[in-house]
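Those protein sequence lines, which keep their order, are chains A and B. Its first residue numbered 1, the first sequence is counted upward by one per residue in the working numbering. Its first residue numbered 1, the second sequence is counted upward by one per residue in the working numbering.
Certain hints may be false.
Said to hold, decoys possible - Covered stretches of chain B, going by a simulated chain A footprint (3 or more residues, C-beta under 8 Å):
1. 20 to 31
2. 51 to 60
To be verified - Some chain B residues judged to face chain A by a derived CB distance under 10 Å, without partners named:
3. Leu4
4. Gly17
5. Ser36
6. Leu39
In short, the hints are calculated from the structure, not lab data. All C-beta atoms, glycine included, are put in the ideal place defined by N, C-alpha and C.
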Amino acid sequence: MNLAQLAVLALLVLSLSLTLWAARRTRTRAEFYTAAGRIGAWQNGLALAGDYLSAAAFLGAAGLFMSQGYDSLIYAVGTLAGWPLLLLLFAEKLRERGHFTLGDILAERFAEPSVRVLSSVSSLLIVLFYLIVQLVGAGKLIGLLFGLSYLPAVLIVGLLAVLYVALGGMLATTWVQIVKACLMLACGLALAAGVWMKGGGDLAGLMARAETLHPAGSGVWLPSKAMANPWEVLSLGLGLVLGLLGLPHILMRFFTVPNARAARASVCWATGIIALFFTLNVLIGIGAIVFVSHNPHFLDAHGKLIGGGNMAALHLAQAIGGTAMRDVVAAVVFATIMAVVAGLTVAGASSLSHDLYAGLLRRGQASEAGELRASRWSVIALVLLAVLLSTWFQNQNIAVLMGLAFGMAASGPFPVLLLTLFWPGLTARGAVAGGLAGLFGATALIVAGPAVWVAVLGFSHPLFPLASPALCSVPLAFVTAWAVSRFAD
Amino acid sequence: MKSLLLLLLLPIAAFYGAIAFFPSVLAWPCGRLPLSIPLALGLIWLGFLVTLLYVRRANRREGQS
């Protein structure tokens, strides 16, 4: 058994022990969905960071910096800007209303079942797309790291997610995310410190070497050609900033703290951790250019990085600290995947069992035990569906699904939630029409855009020129909600 | 809250506007670095600063009431 397998085994023992501990404290609906609101501010802050910083952020950001340089920071700025906005607009208001799901917040204002159906369906779609991306990434990464084929790898991840969430509910999920956030931050610090020391503590020297080695030369510190279309840049920025404000698994975390003060403080913790991580990533990215991109140990016969761009951070770990450091980082990647999958699963299952089963099928009359049973079956059903779909999507471009999840989150739940909380003129029909226009608008524009219409379907020109739909789909949702509320009721 | 929203959104909008329409601005020198790097890192930490200011302000308001 190598060090990576030992480290993964140690993390599995730790996470399953936490799950068993949490299972003894998860007997009611409130405990399952929100850990009964007993999560502290710093704990929720770490869990929020753990929920948000997926393997794509950990591995993808370093790979993106290595290939496209400054573009990685453009993504980071948009991502960070969403967090204070989340605090200013939603965090306290969500906590003050103190429910289990987003559907509850909307149902508090609108009694019509259609509003809860919209909320539930949009949450489920976003969670499912996000979950498929995580599972496809997990299957490929675990295959590369541990030599497992795709299906067993995603089945193991799925089974672990079922165990964490079905047994330990939100409490186990939270602690898995806390452990993951701490490990990921420690890994980021170790990698950045390693790059600093290997570069002789000379940042200017490292940057000069990066300029020499990167194909763009000094252009590595400037936006790449991918940012050449101004409207694409604006649409990407808008989608990155607003997408966060519609992600169900992030919004749900504000129901887990005891009061508004803790909700505020938890966003502060999360923002600080994520900002630190993206700052460290600049040094990690420079290290990847200098120590990995031209190192023959990490390149195949065609001069391409072994395992693709996402392996840049792992190769860097090997370049800095040898196989031992690479194995430890690989184990942290595994923990990262597990934590994000668990967070998504608890959000999706809550939407299924609380909004659809208890809220609509049982019209709010479900017993405590019945709803708890339904939530555990929902976990199994959701993970099974995601595993099945991930096997179909394993050879597709999963970046499209990620774009779809973010585009939908920015265009569907975000406008509806914002208008529900801040605009007294919104009607139930307006909320449903706005949400549907945003969801379908974002989906249609992504399909008609270059990422699907040209890259997947093979047409020569896209029907819609932008890969990111937010610039059109977000205003479409707001205008539709306003127009239907104003003129149709 | 409005002043914090402006403090956050104006620089972010200006940043994306500059990338979209005036990318050459980002190449201006800022010490030994191009402006792009300190600008992006500054905006990343501006997000944290805004959350910190809001939390302090809201806690003080809550303490007074």
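Verification of the hints:
Under a criterion of three residues with beta carbons nearer than 8 Å to beta carbons of chain A, the stated coverage of the region 20 to 31 of chain B is upheld, 5 such residues being counted. With 6 residues bearing a CB less than 8 Å from a CB of chain A, the region 51 to 60 of chain B meets the requirement of three and the coverage assertion stands. Because the closest C-beta pair between Leu4(B) and chain A is about 6 Å apart, less than 10 Å, the hint holds. For Gly17(B), the suggested interface contact is upheld, since its CB lies about 8 Å from the closest CB of chain A, less than 10 Å.
For Ser36(B), the shortest C-beta to C-beta distance to chain A is roughly 5 Å, which falls under 10 Å, so the interface hint holds. For Leu39(B), the interface hint holds, the least distance from its beta-carbon to any beta-carbon of chain A being 9 Å, beneath 10 Å.
Comparing the model with each numbered hint stated earlier shows that all of them hold.
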